[in-house]
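*Asks:* We have chain A; now place chain B onto it with these hints.
The lines below spell out each chain.
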Amino acid sequence: MPVAAIETREISKTFGSGDREVRALDHVSLEIRENEFFTLLGPSGCGKTTLLRLIAGFEAPTSGQLLLYGDDISNEPPYRRSVNTVFQSYALFPHLTVAQNIAFGLEMLGKPKAEISRTVDEMLAMVRMEAMAHRKTSEISGGQQQRVALARALAPHPKVLLLDEPLSALDLKLRKEMQRELKRLQIETGITFVFVTHDQEEALTMSDRIAVMSAGKPLQIGTPREIYDRPANRFVASFIGESNFLGATITAATGDVARVRIGGAIDMEASLPAEAPRSGKVTVAIRPEQVRLVEAEAANALPATVTDTVYFGTDTHTHLLLDGGETVVARFQSTLAHSEERANGTRVGVQFWEGSVQVLREMP
Amino acid sequence: MSAVEISPAAGTDQEARAEAARTRRNWLLSLPAVILLLFAASGPLVIVLIYSFLEPGDYSGVKWIPTFDAWTSILFTRDIFDDTLQLADAHLTIFWRSASLSLLTTLITFLLGFPTAYFIATRPPRQRGLWLFLITIPFWTNLLIRTFAIMEVIRNEGLLNKLLMMTGLISEPLQILYSDTAVLIGMAYVYLPLMALPLYAALERFDFRLVEAGYDLYAGRWMVLRKVILPLVKPGIVAGSILVFMPSLGAYVTPRVLGGGKHMMIGSFIELQFGQGRNWPLGASLSMLLLLIVGIGLFFYVRAMSKEKAHD
Chain A
2 MPVAAIETRE ISKTFGSGDR EVRALDHVSL EIRENEFFTL LGPSGCGKTT LLRLIAGFEA
62 PTSGQLLLYG DDISNEPPYR RSVNTVFQSY ALFPHLTVAQ NIAFGLEMLG KPKAEISRTV
122 DEMLAMVRME AMAHRKTSEI SGGQQQRVAL ARALAPHPKV LLLDEPLSAL DLKLRKEMQR
182 ELKRLQIETG ITFVFVTHDQ EEALTMSDRI AVMSAGKPLQ IGTPREIYDR PANRFVASFI
242 GESNFLGATI TAATGDVARV RIGGAIDMEA SLPAEAPRSG KVTVAIRPEQ VRLVEAEAAN
302 ALPATVTDTV YFGTDTHTHL LLDGGETVVA RFQSTLAHSE ERANGTRVGV QFWEGSVQVL
362 REMP
Chain B
393 MSAVEISPAA GTDQEARAEA ARTRRNWLLS LPAVILLLFA ASGPLVIVLI YSFLEPGDYS
453 GVKWIPTFDA WTSILFTRDI FDDTLQLADA HLTIFWRSAS LSLLTTLITF LLGFPTAYFI
513 ATRPPRQRGL WLFLITIPFW TNLLIRTFAI MEVIRNEGLL NKLLMMTGLI SEPLQILYSD
573 TAVLIGMAYV YLPLMALPLY AALERFDFRL VEAGYDLYAG RWMVLRKVIL PLVKPGIVAG
633 SILVFMPSLG AYVTPRVLGG GKHMMIGSFI ELQFGQGRNW PLGASLSMLL LLIVGIGLFF
693 YVRAMSKEKA HD
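Respectively, the protein sequence lines represent chains A and B. Going letter by letter, the first sequence gives residues 2 to 365 in my numbering. Going letter by letter, the second sequence gives residues 393 to 704 in my numbering.
Quick caveat, the hints were computed from the structure, so don't treat them as lab data. All C-beta atoms in this analysis are idealised placements derived from N, C-alpha and C, irrespective of residue type, glycine included. One or more hints might be untrue.
Said to hold, decoys possible - Chain A residues, not near chain B, derived (Cβ > 10 Å throughout):
no.	residue
1	E8
2	S18
3	P157
4	S169
5	V258
6	P274
7	E327
8	E355
To be verified - Partial chain B-side listing against chain A, Cβ under 8 Å, derived:
no.	residue
9	A425
10	F598
11	D608
12	L609
13	M615
14	R618
15	P623
16	P627
What the hints assert, rightly or not - Below, in silico cross-link-like pairs of lysine to aspartate or glutamate (DMTMM-like), each with a Cα-Cα straight-line distance of 20 Å or less:
no.	chain 1	residue 1	chain 2	residue 2
17	A	K282	A	D257
18	A	K218	A	E189
19	A	K137	B	D599
20	B	K619	A	E108
21	A	K218	A	D257
22	B	K699	A	E140
23	A	K177	A	D200
24	A	K177	A	E202
25	B	K699	B	E596
26	A	K114	A	E140
27	A	K218	A	D27
28	A	K160	B	E604
Excised from the complex, chain A in its bound form (with noise of 0.2 Å):
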């Protein structure tokens, strides 16, 4: 097995001290890996930004080990690590050009002047800001100078590189260009990008794994599909994309694979996480384009009532009173929509799509 580019062992950072001590992250352990688009997603507060900010040498750990390909860094200041970062703020050096900018780094490496100045116009082509060199960068807009922090940080092609929410000062659409960039210099760079943020369709689109981190420790970690299809907690699975969480009971249970009865009509296959209990009352999780809407009398489906109708644009969601209390969102595309909208007070049965449903890990 190839050796990872980071690596966190058992690492915990606590700030302050007594009865204001806050434990930032929780004995995080995990890998990342060689060329990876490797993202750190939850909602502020969580510590996703403190792992960034250890990685990059800012923060000491209160206890683990840091690890850049093998080697223990815990301890190496933030400029002996070959790790860069593009800050959240950009943070430019205003009484510096762009080209100045995006040498500084190569020049405290002490690299010679013909080499850098290559690099610099390597770097200046390949964010497209060749015309702006030698403005300064109080002068070019934010998206330039989201290009120039991500330039700065490339040119000493460090190991690993490290963002820190970059595109959340940006507009959507300007957002949605620059994430389409990052992939491409990511491809381009063969560098391993570590990128921090709190929106899930950012992580979604761009990485090759989530981390989903909530109270400082990873809840899950795996590539787009996974989260979203398989989320193994209700964490996840509700700061995921939606989810309906239905009380079940597992009848069976073989390696991943439960036999669950939901809300006593309901008899099908979940899908089941390692970690999750194998018997008795849990919890599942059903995203709301999972949901079938069929005759109210139909076998193997749960009766319900239709309360609510939401139009999105380009899906329309229908809200549901199960018989036994619950509810349930069902999400379809609006094109169907005609055939799938019921008016409120309509009697009807939902069922789920084979494979959809999803034993949590928690106890309900």
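*Replies:* Showing chain B alone in chain A's frame:
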């Protein structure tokens, strides 16, 4: 005004009249200041300028005979036997001492003031007020009293010498008082706030996230200081340096008290001309020269400040 016609023309006419009235009123309001400046500042200055082109009176005052002697005697002395001009070594020594002590004062206040300002600027915003307050405390006490306090510390039987003797670092008291070192210590102490405050103002506006960006891009502490912090707080450094250098150059009380009679600076030298020296024109020309130097300094100060403003 009886009937006011409402027409666009009348409107603009009225506005113009109101504007004129406002201007008149503003002039009237500034009149006391203008008069004060004219008679209390410009007037005496003109007198000093005129005196610098006259001959000294026999006992004091001036004789109304126009001459450039006062200006040439800043740098030269006229030989009493053959009337040739020779460089006035004593004067040059005083100028050199003034300039070098002022430069050293500026340097020392910078070396002490920068870490102080950096420390305050990196405190949480609520604590900064307290630290700034502590810096300004010395301003509340009369300069003369503070200078005597320094004297008490550095004199032979003073605090510093007693402490050094007690710790056994020295066996004989150090003669610091009445030396250039004493003047330097005194001036650095007196002018430190004038350096620390503009440095703080510049550092307070400095974005400390840039320090992290510097570290991240392989700059160590020293390089971050040189390549990121210092270039960005340069306006504050220029301002502080000028604010310290200019009054140091003309300082009178501190060099007089701590330097004794022997270690004269321009300030005491000017005073001497109006007193025992009985050479008012020379005193006047020296004063004008000092004013000129300070004026040039102020010009650069204003330019640095406006540049900083443009930078924001």
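*Asks:* Each hint needs a verdict: does it hold in this structure or not?
*Replies:* Verification of the supplied hints:
No beta-carbon of chain B comes within 10 Å of the beta-carbon of E8 of chain A; the shortest separation is about 21 Å. Non-interface status of S18 of chain A relative to chain B is upheld: no Cβ of that chain comes within 10 Å, the nearest being about 16 Å off. Once the 10 Å rule is applied to beta carbons, P157 of chain A is inconsistent with being away from chain B; the minimum gap is 7 Å. Every beta carbon of chain B lies more than 10 Å from that of S169 of chain A, the smallest distance being close to 15 Å; the non-interface claim holds.
At the 10 Å boundary, the C-beta of V258 of chain A stays outside the reach of chain B, the nearest C-beta of that chain being 47 Å off. Distance check on P274 of chain A: its Cβ is at least 38 Å (rounded) from any Cβ of chain B, clearing the 10 Å threshold; non-interface status holds. Distance check on E327 of chain A: its Cβ is at least 48 Å (rounded) from any Cβ of chain B, clearing the 10 Å threshold; non-interface status holds. Listed as a non-interface residue, E355 of chain A keeps its Cβ farther than 10 Å from every Cβ of chain B; the least gap is roughly 49 Å.
Interface hint at A425 of chain B: violated, since its Cβ lies 38 Å from the closest Cβ of chain A, which is beyond the 8 Å cut-off. Hint on F598 of chain B is violated. Least Cβ distance to chain A is approximately 10 Å, over the 8 Å limit. At about 5 Å, the closest approach between the beta carbon of D608 of chain B and any beta carbon in chain A falls short of 8 Å, and the interface hint on this residue holds. Hint on L609 of chain B holds. Least Cβ distance to chain A is approximately 4 Å, under the 8 Å limit.
Annotation: M615 of chain B was flagged as interfacial toward chain A, and the flag holds, the nearest CB pair being 6 Å apart, inside 8 Å. Look at R618 of chain B: its Cβ only gets to about 11 Å from chain A, farther than 8 Å, so that hint breaks. Below 8 Å, beta-carbon pairs count as interface contacts, and P623 of chain B has one with chain A at about 5 Å; its hint therefore holds. The restraint placing P627 of chain B at the interface with chain A is violated, with a minimum CB-CB distance near 11 Å, outside the 8 Å limit.
For the hint linking K282 of chain A to D257 of chain A, the alpha-carbon distance of about 17 Å falls within 20 Å, and the restraint holds. Only pairs whose Cα atoms come within 20 Å are accepted, and K218 of chain A paired with E189 of chain A is rejected, the gap being roughly 31 Å. Annotation: proposed proximity of K137 of chain A to D599 of chain B holds, straight-line Cα distance about 17 Å (limit 20 Å). The suggested pairing of K619 of chain B with E108 of chain A holds, with an alpha-carbon distance near 11 Å, which does not exceed 20 Å.
Between K218 of chain A and D257 of chain A the CA atoms are separated by roughly 24 Å; this puts the pair beyond 20 Å, and the hint is violated. Note on K699 of chain B and E140 of chain A: the hinted pairing holds, with a Cα-Cα distance of about 16 Å set against a maximum of 20 Å. With a C-alpha separation of about 12 Å, the suggested pair K177 of chain A and D200 of chain A falls inside the 20 Å cut-off, and the hint holds. In summary, the hint linking K177 of chain A to E202 of chain A is supported, as the alpha carbons are separated by about 10 Å, within the 20 Å threshold.
Of the supplied pair hints, the one linking K699 of chain B and E596 of chain B holds, its CA atoms being roughly 17 Å apart against a limit of 20 Å. The hinted pair formed by K114 of chain A and E140 of chain A fails the criterion: a straight-line CA distance of about 26 Å is larger than 20 Å. Between the alpha carbons of K218 of chain A and D27 of chain A the distance comes to roughly 6 Å, so the proposed pair stays at or under 20 Å and holds. As the CA atoms of K160 of chain A and E604 of chain B are separated by approximately 18 Å, the hinted pair is consistent with the 20 Å bound.
Checked against the numbered hints above, the structure violates hints 3, 9, 10, 14, 16, 18, 21, 26; every other hint is satisfied.
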